[in-house]
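Asker: Based on the sequences and whatever the hints tell you, model everything.
One-letter residues, chain by chain:
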Amino acid sequence: MTEITKRRSDTKMVEYPSRSIVPERDIDKCPVLECRHLGIEFGGLKAVDDFNLTIGPTEIAGLIGPNGAGKTTVFNLLTKVYQPTHGMVMVDGKDTAGMNTIQASKLGLARTFQNIRLFSQMSVEDNVRIGLHNQIAYNTASGILRLPGFWKGEKKQHEKALELLSIFNMQDMANVKAGSLPYGAQRRLEILRALATSPKLLLLDEPAAGMNPKETEELMDTIIKIRNDFQIAIMLIEHDMNLVMGICEGICVLNFGKVIAKGTAEEIQNNPEVIEAYLGKQKEEA
Amino acid sequence: MNKTALISTLKKFSKQYLPCIIVTVFFIICQIMISANAMPRTTKSMLIPVCVYIVMAVSLNLTVGISGELSLGHAGFMSIGAFTGVVMATYSREVFGFSQPLQLIFALVIGGIMAGIMGFLIGIPVLRLRGDYLAIVTLAFGEIIRNILNCIYISLEGKDLHFGFNNNTLPGTQIMRGPTGVTGVKTISTFTAGFLLVLFTLIVVINLVHSRSGRAIMAIRDNRIAAESVGLNVTGYKLLAFVSSAVLAGMGGALFGLNYAVTSPSNFSFNASILILVYVVLGGIGNITGSVIAAAILYILPEELRSFNDYRMLAYAVVLIAVMLITNNAKIKNFINNLLKKNDEKGGETV
Ligand SMILES: Nc1ncnc2c1ncn2[C@@H]1O[C@H](COP(=O)(O)OP(=O)(O)OP(=O)(O)O)[C@@H](O)[C@H]1O
Ligand SMILES: [Mg+2]
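Protein chains in written order, with this note's numbering: chain L, 1 to 286; chain E, 1 to 351.
Bear in mind the hints are in silico, worked out from the structure with no lab data behind them.
Just so you know, even glycine gets a beta-carbon here, dropped at the ideal spot from N, CA and C.
Please note that the accuracy of each hint is not assured.
[As the list claims (entries may be wrong)] Here are the computed lysine-lysine pairs in the DSS-like style, where the Cα-Cα straight-line distance is at most 27 Å: (1) K11/E to K156/L; (2) K12/E to K160/L; (3) K160/L to K177/L; (4) K155/L to K11/E; (5) K15/E to K177/L; (6) K15/E to K160/L; (7) K156/L to K15/E; (8) K15/E to K155/L; (9) K331/E to K177/L; (10) K156/L to K12/E; (11) K152/L to K12/E; (12) K152/L to K11/E; (13) K3/E to K155/L; (14) K200/L to K94/L; (15) K152/L to K3/E; (16) K11/E to K160/L; (17) K94/L to K258/L; (18) K15/E to K152/L; (19) K12/E to K177/L; (20) K156/L to K3/E.
[Stated by the list, open to error] Stretch-level coverage of chain L by chain E, calculated; a stretch enters the list once three of its residues show a Cβ under 8 Å from a Cβ in chain E: (21) 110 to 118; (22) 143 to 157.
[To be verified] A short, non-exhaustive set of chain L residues, derived as facing chain E with CB atoms under 10 Å: (23) K80; (24) I102; (25) Q103; (26) H133; (27) A178; (28) A196.
Answerer: Right, dumping it as structure tokens:
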């Protein structure tokens with residue numbers, strides 16, 4: 001693990017109201033995400049209940065918990081796949097009430113999916129270019145008429161796409177069909193596509209699932225590198241405790257839709273309730 | 001160094017615009033045959049309809065293949081283009097005194113615009129929804145528009161167009177007469193115009209597909225949820241594909257209407273929509289070259305086979321299967337692809 005991780009592990013995710021006590025290095029900035037009493041019910045089932053969370057603009061946060069705890073549902077609430085039935089979400093100081101997924105994306109939220117959702121018929125480069133859609137734009141008419149705007153825009157998109165692909169060393173695969181990539185590469189491509197939208201907060205749903213330990217190790221370094229290079233916040237859901245404890249500066253534990261603990265890796269590892277609900281069980285399984 | 005770059009650009013270009021190249025080659029061959037008097041009259045009379053059906057198939061493929069929405073009323077847009085086109089050609093001749101090529105261009109443009117407006121009106125409510133509602137609505141649209149056209153009477157008196165609904169006592173010269181449709185139309189469509197329209201359609205569709213908007217359309221087709229998550233305007237791009245497809249169909253319809261002395265609403269039945277869909281499906285969904293080839297072969301063949309009488313339908317079935325195999329077979333596709341990029345650096349596609 002890199003120096004940065006160790007040095008930063010003393011910063012921690014903090015509770016709302018947070019403005020005055022966001023992690024130290026972000027103290028002068030407003031948090032990128034604030035959830036207050038966020039909740040959703042599916043026909044009586046409270047999948048997420050009274051979820052409060054604040055994330056600083058360059059924080060790496062972890063969201064963990066047993067299967068079915070409601071982690072993915074939190075991501076779906078943030079990105080407006082579902083509309084919350086309770087509470088509110090503020091992104092970069094703006095209330096997202098009534099917005100849809102597209103507006104949430106424009107506000108600076110980007111995500112990956114637990115069950116990979118690539119544009120599988122399209123090439124790797126085109127997948128990244130779709131992420132760049134709203135960043136490097138030219139209109140439809142100049143596309144059809146092949147006006148100068150088209151050539152300029154295409155060139156910029158191509159260069160930017162290759163630059164992004166180089167983060168995971170995937171430039172050589174630019175012309176491969178996304179659907180035919182190996183599993184790990186598909187996960188990495190999804191991260192790049194999300195990153196291409198220039199998000200303020202990157203949401204990663206189980207980014208290391210299906211990766212071998214070496215790939216996971218590389219992924220950890222890359223996530224930190226992405227945060228440092230792009231100066232964005234990252235929130236990730238993961239069952240791989242090495243990854244979570246290794247790179248997350250603040251961790252939030254969900255169980256049956258409720259937050260049962262929040263804190264640094266060390267605090268979470270020693271929290272009896274978390275051990276009871278989640279971590280302990282993991283050791284038994286191993 | 002520079003030479004290889006040039007060659008690879010040329011290869012990419014010829015691969016992208018392959019259907020344009022094929023169509024141009026065939027156009028030149030046909031022109032040579034015509035000027036040498038080597039083409040039978042029956043074949044010659046099919047040239048313009050073939051162009052029309054290629055336009056119809058390619059434009060429908062934009063909706064069905066590229067955008068992934070099923071449309072069952074493509075002939076409806078064709079009919080709007082056809083009748084608008086005939087009326088506009090007559091009007092511009094009588095009132096503006098346009099020459100024939102200008103009449104044709106005017107008819108194609110207005111026909112396309114009218115069909116596009118119709119597509120927009122249908123698409124706006126339907127394409128917001130998730131699910132295959134477009135199929136049902138376009139199916140209904142095709143039937144409704146045909147029944148409405150059956151009741152529309154249009155006449156030209158001096159500089160004024162008169163419209164009547166179920167009213168055949170309009171003053172002036174009648175242009176359109178309800179179920180009889182348009183009669184005594186000056187057939188100003190030409191094979192060259194048909195070829196140019198096919199080329200126009202192909203270039204619009206190919207350029208759209210290989211641009212930012214086209215990629216967005218295909219991304220939405222591949223995975224709607226992911227497309228929304230990166231901020232693509234799903235309804236907007238679906239609408240763009242559907243309306244473009246309707247405009248092109250309207251232009252094809254105008255060319256069609258101006259190719260026959262008589263055209264009636266019954267020419268644009270549900271069967272006509274399905275026929276176009278068959279061209280698209282057999283040519284390969286999303287495969288533009290396939291649409292061109294399938295439309296041409298499947299339009300000409302049944303006509304040419306008339307001399308075989310009893311075996312006609314049998315032969316047609318065999319051809320259907322053959323076209324399906326050729327345009328959708330991975331091996332044959334690979335073979336053609338390999339022919340096209342024989343000298344490209346090998347191994348570039350290994351993961
Ligand atoms: N659309 C929905 N309708 C009804 N119930 C739902 C819906 N989405 C999620 N749930 C329920 O909400 C609960 C939380 O699901 P969620 O997918 O968020 O779990 P998770 O923490 O991501 O689990 P995993 O670790 O397995 O991914 C589950 O009980 C699930 O059945
Ligand atoms: Mg999940």
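Asker: So, for every hint listed, does it hold in this structure?
Answerer: Hints, one by one, checked against the model:
Among the hinted pairs, K11/E with K156/L is consistent with the structure: their alpha-carbon atoms are about 22 Å apart, no more than 27 Å. A distance of roughly 21 Å separates the Cα atoms of K12/E and K160/L; the hinted pair therefore holds under the 27 Å criterion. Of the supplied pair hints, the one linking K160/L and K177/L holds, its CA atoms being roughly 19 Å apart against a limit of 27 Å. A hinted pair counts as satisfied when its Cα atoms are at most 27 Å apart, and K155/L with K11/E qualifies at roughly 19 Å.
Simply put, K15/E and K177/L have alpha-carbon atoms about 17 Å apart, close enough for the 27 Å limit, and the pair holds. At most 27 Å may separate the alpha-carbon atoms for a hinted pair to count; K15/E and K160/L meet this at roughly 25 Å. Between K156/L and K15/E the alpha-carbon distance is near 23 Å, which keeps this suggested pair within the 27 Å criterion. Taking the CA atoms of K15/E and K155/L, the gap is near 20 Å; set against the 27 Å cutoff, the hint holds.
In summary, the hint linking K331/E to K177/L is supported, as the alpha carbons are separated by about 18 Å, within the 27 Å threshold. For the proposed pair K156/L and K12/E, the alpha carbon gap of about 19 Å is at most 27 Å, so the pair holds. Annotation: proposed proximity of K152/L to K12/E holds, straight-line Cα distance about 18 Å (limit 27 Å). A threshold of 27 Å between alpha carbons decides the hint, and for K152/L with K11/E the separation of about 21 Å falls inside it, so the pair holds.
For the suggested pair K3/E and K155/L, the alpha carbons sit about 21 Å apart, so the restraint of at most 27 Å is met. Between K200/L and K94/L, the direct Cα distance comes to roughly 13 Å. Compliance with the 27 Å bound is thereby established for this hinted pair. For the hint pairing K152/L with K3/E, the CA-to-CA distance comes to about 23 Å; that is within 27 Å, so the pair holds. This hinted pair checks out: K11/E and K160/L have alpha carbons roughly 24 Å apart, not beyond 27 Å.
A threshold of 27 Å between alpha carbons decides the hint, and for K94/L with K258/L the separation of about 24 Å falls inside it, so the pair holds. Between the alpha carbons of K15/E and K152/L the distance comes to roughly 22 Å, so the proposed pair stays at or under 27 Å and holds. Distance hint between K12/E and K177/L is fulfilled; the C-alpha atoms sit about 17 Å from each other, no more than 27 Å. With a C-alpha separation of about 24 Å, the suggested pair K156/L and K3/E falls inside the 27 Å cut-off, and the hint holds.
Restraint check on the stretch 110 to 118 of chain L versus chain E: 5 residues with Cβ-Cβ distances below 8 Å, three needed, restraint holds. Counting residues of the stretch 143 to 157 of chain L whose C-beta sits closer than 8 Å to any C-beta of chain E gives 8, which meets the bar of three, so the coverage hint holds. Interface restraint check: K80/L against chain E, minimum CB-CB distance 9 Å, threshold 10 Å, status holds. At a threshold of 10 Å, the smallest CB-CB gap from I102/L to chain E is about 5 Å, leaving the interface hint in force.
Restraint check, Q103/L versus chain E: the minimum CB separation of about 8 Å is within 10 Å; hint holds. Given the 10 Å rule on beta carbons, the hint for H133/L holds: about 6 Å separates it from the nearest Cβ of chain E. The criterion of a C-beta within 10 Å of any C-beta in chain E is met by A178/L, whose closest approach is roughly 9 Å, and the hint holds. For A196/L, the shortest C-beta to C-beta distance to chain E is roughly 8 Å, which falls under 10 Å, so the interface hint holds.
The structure shown violates none of the earlier numbered hints.
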